[in-house]
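One line per chain: the protein sequences are A and B, in this order.
The working numbering applies: residue 1 is where the first sequence begins, and numbers increase by one.
The working numbering applies: residue 1001 is where the second sequence begins, and numbers increase by one.
To be clear, the hints were calculated from the coordinates, so they are not data collected in a lab.
C-beta: ideal position from N, C-alpha, C; glycine also.
One or more hints might be untrue.
Stated by the list, open to error - Under 8 Å between C-beta atoms, here's a sample of chain A residues computed to sit facing chain B:
1. Phe22
2. Ser27
3. Ile28
4. Val35
5. Ala37
6. Ser38
7. Ser44
8. Cys91
9. Glu95
10. Trp98
11. Gly122
12. Thr135
13. Pro140
14. Ala145
15. Lys207
16. Lys208
Residues per chain are reported as follows:
There are 2 protein chains.
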Amino acid sequence: MGAWTERRLIEKIRKAGGGNGFGIVKSIGDDCCEVTASGSLLLSTDSLVEGVHFDSDFHPPHLLGRKSIAVNISDIAAMGGTPRFILLSLCLPAELEWDWISAWLDGVFEILDEYNCVLIGGDTVKAAELVIGVTVIGEPVAGGAVYRSGAAAGDTVWVTGPLGSAGGGLKLLTSGTVKSYPVGAPSRYDPLLRAHLDPVPLVSTGKKLAGCGFVTAMQDISDGIATDLAHICKASGVAAYIDRDLLPFLPELSDLALDLQLDPDALILSAGEDYQLVFTVKKGCEDEFVRQVCAEVPGLVRIGLVKTGEGVFLNNDGQCIDIRFQGYEH
Amino acid sequence: MGAWTERRLIEKIRKAGGGNGFGIVKSIGDDCCEVTASGSLLLSTDSLVEGVHFDSDFHPPHLLGRKSIAVNISDIAAMGGTPRFILLSLCLPAELEWDWISAWLDGVFEILDEYNCVLIGGDTVKAAELVIGVTVIGEPVAGGAVYRSGAAAGDTVWVTGPLGSAGGGLKLLTSGTVKSYPVGAPSRYDPLLRAHLDPVPLVSTGKKLAGCGFVTAMQDISDGIATDLAHICKASGVAAYIDRDLLPFLPELSDLALDLQLDPDALILSAGEDYQLVFTVKKGCEDEFVRQVCAEVPGLVRIGLVKTGEGVFLNNDGQCIDIRFQGYEH
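With the rest of the complex left out, here is chain A (with noise of 0.2 Å):
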């Protein structure tokens, strides 16, 4: 099918209906883009370098579209809110496949879609490298956004569900040990490459959390709990102490651990990509978090407590050492 051309990928993308919708006052094709809003929105921009935060030799067109938008998504969800609309900044380079980006376009609206959230603007530039630039707007939920600067002595520290799977599936690629996905069969490690190449944002347990009354500080985890929960400690003036008995992964994970010969900790702390939610609940509120909470959106787990100070320390084997910041920086 050749390289991309411009024409065709904006032919694409108007003909995916990117544009039209609740909110929209005017879309594609302006020299802006106009939006509704009443109260407040949320705003987040990422670019997305190849050779830095992704590999196209092993990550599927299809599934990096996906990815593109869902870690852009996840900044919204970490705040509580619900992703609204999508602006897209692409540099490609002028030799880039026209099936490749086809792909990767198909991938992009069929999570925008998943998400009730839309494409409403962008521009496309020839480059050298391929960068990857969204830009999401979304609202927060009615009693407000939940901020990492919430967090105060007292609380107890949570996270959505399992650590490292992402770190996982991502070392299972580059050490070759899988080569490309899907592969033939179903591998017992599905759920670590799913986790790497298709992670989910969590954009309904987010504005559950946020939306319940009893969450202090929240924050995704995309440079591992390390330097995520890090960043909640510095913003709120508090020091976090976590258990490494209490962290929750996959079996998976420590199968891995074992064939690869890796330290599932590294993984665990600071591989970062998951995309779960590190958050705070409130002191005192912990009983009734549970019952409300708990009950409605399973898997999440209590891994420590909020104190006076600073840093992150991780309890393990009676040890407790200072692991803020040592997470993955891009």
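Based on these hints, arrange chain B on the given structure of chain A.
Only chain B this time, still in chain A's reference frame:
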């Protein structure tokens, strides 16, 4: 001073106060930023790529910082809006000099101040290629934004000022006639060099045009009037007829054309990056528009007429040729 580091970059951004202000609920330092909004918001995103959109061999970083923001603010001006907030997404080569990025940021903050606009978020990533991604958020005037789609037969076509200046300046720099800016002594070509290196987004003019009630369609001239007026015609389902003799340009452009033996018409019609506005005035309202608006906004020039049909036609020496979309394509 060596290469840039993310820590230094963020420190400088924090110091410059890229942060708080009217309408900002949450600024840099959380998963998203949050802004208040009532009615509607205008949004636009663009990436500037080294070697495609700018050449840092002759573009001083301070002026490039100004231009990186100016060309995005111009999209808001083209709708008659007021720019309010900026998100930056920077892909920076590891070896980029700190002095360069520091001067670039000075330019960014200088122009943001001039337009009462605030940097509220963004991200930075190491990449092989220098890519500057800017998302701008603005507000329409009370009467509503002006789109490309409102022109109708009988309307007159106008521009806000001289065309081809930026194209002339670029020729001076790429031909090596001028090696750097500022040159020691003031050059007679200063207005052309300025137009390319430090373009002025016409926010105040755009607001007056949008607010006067006579303007039916508007767009900024980034790709040359042959292309940008064609966008208005396509979106409005009309044709435009413009007169070569009415197109405004600087006397310095005639001098340059003689000096370098260039066709001035190519620069005036197709060179782009002038960031003047092209707009249409409602049929029958021309006299009123001249009395009320031209008195207040100097430099507005009527260049042609909207008719039924499609295309952009240039009347020149008794000939009439279709020039639609003959502009610069990035």
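Return the numbers of the hints above that this structure violates; sort them in rising order. Of the numbered hints, 1, 2, 3, 9, 10, 15, 16 do not hold.
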